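Enquirer: One-letter residues, chain by chain:
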Amino acid sequence: GAGVSQSPRYKVAKRGQDVALRCDPISGHVSLFWYQQALGQGPEFLTYFQNEAQLDKSGLPSDRFFAERPEGSVSTLKIQRTQQEDSAVYLCASSPTGGSSYNEQFFGPGTRLTVL
Amino acid sequence: KQEVTQIPAALSVPEGENLVLNCSFTDSAIYNLQWFRQDPGKGLTSLLLIQSSQREQTSGRLNASLDKSSGRSTLYIAASQPGDSATYLCAVRGYGQNFVFGPGTRLSVLP
Numbered sequence: 001g002a003g004v005s006q007s008p009r010y011k012v013a014k015r016g017q018d019v020a021l022r023c024d025p026i027s028g029h030v031s032l033f034w035y036q037q038a039l040g041q042g043p044e045f046l047t048y049f050q051n052e053a054q055l056d057k058s059g060l061p062s063d064r065f066f067a068e069r070p071e072g073s074v075s076t077l078k079i080q081r082t083q084q085e086d087s088a089v090y091l092c093a094s095s096p097t098g099g100s101s102y103n104e105q106f107f108g109p110g111t112r113l114t115v116l
Numbered sequence: 001k002q003e004v005t006q007i008p009a010a011l012s013v014p015e016g017e018n019l020v021l022n023c024s025f026t027d028s029a030i031y032n033l034q035w036f037r038q039d040p041g042k043g044l045t046s047l048l049l050i051q052s053s054q055r056e057q058t059s060g061r062l063n064a065s066l067d068k069s070s071g072r073s074t075l076y077i078a079a080s081q082p083g084d085s086a087t088y089l090c091a092v093r094g095y096g097q098n099f100v101f102g103p104g105t106r107l108s109v110l111p
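Residue numbers (the numbering used here), protein chains in the order written: chain L, 1 to 116; chain X, 1 to 111.
Mixed in with the good hints there might be a few duds.
[Claimed, not checked] In silico DSSO-like links for lysine-lysine, alpha-carbon gap of 30 angstroms or less:
no.	chain 1	residue 1	chain 2	residue 2
1	L	LYS78	L	LYS11
2	L	LYS78	L	LYS57
3	X	LYS68	L	LYS14
4	L	LYS14	L	LYS57
5	X	LYS42	L	LYS11
6	X	LYS1	L	LYS57
7	L	LYS78	X	LYS68
8	X	LYS1	L	LYS14
9	X	LYS42	X	LYS1
10	L	LYS11	L	LYS57
11	X	LYS1	X	LYS68
12	L	LYS11	X	LYS68
13	L	LYS78	L	LYS14
14	X	LYS42	L	LYS78
[Stated by the list, open to error] For the chain L half of the interface with chain X, some residues (derived, Cβ under 8 angstroms), not all of them:
no.	residue
15	HIS29
16	PHE33
17	LEU39
18	PRO43
19	ALA53
20	PHE106
21	GLY110
Source of the hints: derived by calculation from the structure; they are not laboratory data. Treat the numbers as computed from the prediction; the structure is a model and nothing was measured. Ideal Cβ placement from N, Cα and C applies to all residues, glycine included.
If we strip away everything but chain L, and leave its shape as in the complex, we get (with noise of 0.2 angstroms):
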């Protein structure tokens, strides 16, 4: 079946600009989380949804950055005023049900985003 895709693949904006990356989790997962992979590092926590429900987002790293998923499926993450130190692979996650730590989460491919 499909597994998780996120768009665009890559992604270049001038300091300033706005984005929105897209994730699109596998079909019927409840869970879905996005992190954020900095160059050499392994991926950091950025925030979770459980279903529309945003039940944690301790790991934005500023006000600049919101994410949502309205009708429990497709989610995106927002960054405004994009700084260069916002340029990492944003890593998307879905897991089957929700409210249990006992789940593998599935990764989508990354979305690359380059600051210039």
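On the provided structure of chain L, position chain X as indicated by the hints.
Expert: Then chain X, alone, in the frame of chain L:
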């Protein structure tokens, strides 16, 4: 706060060798631990998921062990092949829903 480290940071071995990658975590109160593989420019591919009640998991040439009390996990790769070259990441899941990742081990298997 959970911290995850991985040793070594990089490893280069000749084809056919057996090898061990190490992962350590500071807080033993975890639900599970997952090993991933990441190829350059790609997302993460899940290799093995070990629940906190388990000691090990096996898949083909891969074997992952978990010693929760000491905060350690190892990934054993038997008879390594050039196609195994990638970055290997371990991640632990505590009482929150998200994973905490280590920085990864970059593996090169030389033909």
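Enquirer: Of all the hints given earlier, name the ones this structure violates by number, lowest first.
Expert: Hints 3, 7, 8, 12, 15, 17 and 19 contradicted; others consistent.
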